[in-house]
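Whole structure, please, built from the sequences with the hints as guidance.
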Amino acid sequence: MLLFSLLTAAIAPGVSLLTYLYLRDRYDAEPIHMVLRMFVLGVLVVVPIMVLQRGFQIWLGDGPIAAAFVQSAFVEEFLKWFVLYHVIYNHTEFDEPYDGIVYAASISLGFATMENVLYAIYTPSSFGTQIMRALLPVSGHALFGVMMGYYLGKAKFAVKSKTKLFLVISLLLPIILHGFYDWIIIATKHDWMWFIVPFMVLLWMWGLHKMNRANARSPFRFGSQHEDEVKL
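The numbering of the sequence shown is numbering that gives the first Met the number 0, which starts it at 0 and goes up by one.
Source of the hints: derived by calculation from the structure; they are not laboratory data. Possibly wrong hints are sitting among the right ones.
Claimed, not checked - Here are the simulated distance ranges between beta carbons:
#1 Pro30 x Tyr121: 13 to 23 angstroms
#2 Leu35 x Trp193: 30 to 40 angstroms
#3 Val158 x Ile120: 23 to 33 angstroms
#4 Phe219 x Leu171: 27 to 37 angstroms
#5 Leu22 x Gly60: 20 to 30 angstroms
Backbone N, C-alpha and C fix where the C-beta goes; we use that ideal spot for every residue, glycine too.
Here is the structure:
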């Protein structure tokens, strides 16, 4: 019964955040099967990520910078970005800027959910610890995905001369944010809560701003407004 409660606490945050981000797509919601596909791919990339992280740990050691920015941030965000680019970027369902956010958040939350499940199984923890993980690591992964997806959407619909720039930003920005998140926790030790909470609040504010910007650039926005006026 305890294991069931812990697994529920481990899975629920990722599913809840994905539902929230999915429902924020105001004009042309993505097919559920595509969102679930990316979520499952996020679960599956856990294994290659763990292998690469172990390799980098042996190669670079356990220093705070290497652990935060290379072993964690670079490996995790690069593999998620790689899968997104090759599976979704040129897909016909990727037809408005906000779609990048939905799909990037899907793969990020798939990874975060599997990470949470493994943590619940192999690391003794309380229900309260799982709630804390929901508020910090899981929402962190979701927001890194929002940033990645926002700039993938910018790249997809930008003029050709700016496409490469936005693709680079879509990879580098999540790596930098993720690296700072992990570095704060590693470097500040017992006082990390005083730094990570303001960081997360600012990240949520920035993420919500990006979501609104992406929705505002939807090519379906004016059609939706016209339909609403007709209904009224």
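Now for the hints, and whether the structure bears them out:
1. Pro30 x Tyr121: 13 to 23 angstroms: Cβ of Pro30 to Cβ of Tyr121: about 34 angstroms, so the range 13 to 23 angstroms is violated.
2. Leu35 x Trp193: 30 to 40 angstroms: holds, 38 angstroms
3. Val158 x Ile120: 23 to 33 angstroms: violated, 48 angstroms
4. Phe219 x Leu171: 27 to 37 angstroms: holds, 29 angstroms
5. Leu22 x Gly60: 20 to 30 angstroms: violated, 43 angstroms
In this structure, the hints that do not hold are numbers 1, 3, 5, in rising order.
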